[in-house]
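S.K.: Now for the letters of each chain:
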Amino acid sequence: MKKVLVVDDSETIRLEVSRTLGQAGFSVLEARDGAEGLATAIKNPDLALLVLDVNMPVMNGLEMLERLRQNPTTADIPVLLMTTEAEDRLIERAKKAGAKGWFIKPVKPEMLLMATNKLAR
Amino acid sequence: MFVERSDTTRAIQALAGSACVELMQAYGVTLTPSEGWGESDEVMFSGVMGFVGDAVRGTCLLAAPQGTVQAAAPRDAGARDWVGELANQLVGRLKAKLMARGATIALSTPVVLRGVKLSPLPRTDVEPVVFESSAGKVLVWLEVEIENDFQLGEERALKASEGELLVF
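Just so you know, the protein sequences line up as chains A and B, in that order. Residue 121 is where the first sequence ends in this note's numbering, and the numbering goes up by one at each step. Residue 168 is where the second sequence ends in this note's numbering, and the numbering goes up by one at each step.
Chain B extracted, bound-state conformation:
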């Protein structure tokens, strides 16, 4: 049976937060922890990815103003496409962190939202993580269910990590 447990959700959300900081840094945007998402009049883009595994399943949302998405984007990238790819790479990094702690998940493909005054309405008492950057805020929102007896294990090294090439 799957359950929502706030301590594990918080632990996995912390992993997603670390993954987001690393991801945005890889694209030249430095994030620092912040508080309060607020309801901005800026146009926001949001990528949403689902994931499912034997012990962990849930949904991850990455949201940011258009300017923040563009600051992390390669030249000529469209915000709609790029926020979807950022969400994909964020959950890819989260997957690696979960695998290193004993949980394997399969990923969906991202869907993208665009709008103003987007605000999260969490199902549990776990608030989304908010970061600040020189280009604007970034929000990472995770909702997770786990197998009742599941615990995150000690971190172990994986065969390969982001940016690495394996030649067969």
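For reference, chain A alone in the conformation it holds in the complex:
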């Protein structure tokens, strides 16, 4: 079963992603911020995809993405950003750090599933 990690400070968003991807046969792990997400990713380097919010307390999603890429254990995990942000500078930063995609909330469940199937390894 492919594993996906969703990192978002909204419990509701985590629940929605877990429900959508869980029903489609993915095993879904959750984390509440970038620091918790980074620790979870390091423990689970076989993740098929990481769904990552940008604006979060403790460590934001872009910082987490850049730290993932610096760690050989997690450097190759595909990352999909899912955020309210549409700022070019932030999108370019994610692209430069090797993200696979950028979703602007709100995200419909069928779109999330389509993106996950497309981007998961």
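These are computed hints drawn from the structure, not numbers from a lab. Every residue, glycine too, gets a C-beta built ideally from N, C-alpha and C. Be aware that a few hints might be false.
Claimed, not checked - Taking beta-carbon pairs under 10 Å as the criterion, some of the chain A residues facing chain B (in silico):
(1) Glu11
(2) Leu15
(3) Arg19
(4) Ala39
(5) Ile42
(6) Lys43
(7) Thr84
(8) Ala86
(9) Trp102
(10) Lys118
(11) Arg121
Mind docking chain B on chain A? Use the hints.
M.R.: Frame of chain A, contents of chain B only:
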């Protein structure tokens, strides 16, 4: 130097009002303009977000009765969490509208209030925007400061908007 100017605050508050209508519609709640917030005995939830940029900075508050928050929420969502996420998405939409008009802001993370008889006490003469829906009222309250010579520009298209996926 930053100043409070009512015309620009009103213009940005109108953008926040449009953003709120679009946001709530995306979650199945249709809003229409209303007047008078009143002091209700209903339990209210409120999400507050700060934002700051080179030319614009301020605070945005979204408030609604618990029933309105729940009407716009996915199944099993908690009102506390969801009103924070709605405030986050509201200011995200406001940011996009400001960017399209030449102003970039950075966002904080939301804080949430719960209580009864919540009433805004604006610092300026700009009153918060009130909407009505079949599930209850929604209030959007913005207080903004701008760089003295700042003007909102003509709207331009952005690379991506809400609900869109960019694949790299």
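S.K.: Would you settle whether the hint for Thr84/A is holds or violated, based on the nearest Cβ-Cβ distance to chain B being less than 10 Å?
M.R.: holds, 2 Å
S.K.: Would the hint on Ala39/A be counted as holding, given a Cβ-Cβ threshold of 10 Å to chain B?
M.R.: With a closest approach of 20 Å, the Ala39/A hint is violated.
S.K.: For the hint on Trp102/A, does the least C-beta distance to chain B fall short of 10 Å?
M.R.: Since chain B brings a Cβ to about 4 Å from Trp102/A, closer than 10 Å, the hint holds.
S.K.: Holds or violated: is the Cβ of Lys118/A closer than 10 Å to a Cβ in chain B?
M.R.: holds, 7 Å
S.K.: Would the hint on Lys43/A stand, with a C-beta cut-off of 10 Å toward chain B?
M.R.: violated, 25 Å
S.K.: Can we keep the Glu11/A interface hint, with Cβ of chain B closer than 10 Å?
M.R.: holds, 5 Å
S.K.: At a threshold of 10 Å, is the proposed contact between Arg19/A and chain B supported by beta-carbon distances?
M.R.: Hint holds; Arg19/A Cβ to chain B Cβ min 8 Å, cut 10 Å.
S.K.: Against chain B, is Ala86/A within 10 Å by beta-carbon distance?
M.R.: Holds: closest Cβ of chain B sits about 5 Å from Ala86/A, inside 10 Å.
S.K.: Can you verify the interface hint for Leu15/A: is its Cβ closer than 10 Å to any Cβ in chain B?
M.R.: OK, holds: Leu15/A within 10 Å of chain B, min 6 Å.
S.K.: Holds or violated: is the Cβ of Ile42/A closer than 10 Å to a Cβ in chain B?
M.R.: Ile42/A check fails; min Cβ-Cβ to chain B is 23 Å, beyond 10 Å.
S.K.: Under 10 Å is the threshold here; is the Cβ of Arg121/A close enough to any Cβ of chain B for the hint to stand?
M.R.: violated, 14 Å
This entry does not satisfy hints 4, 5, 6 and 11, going by the numbered hints stated previously.
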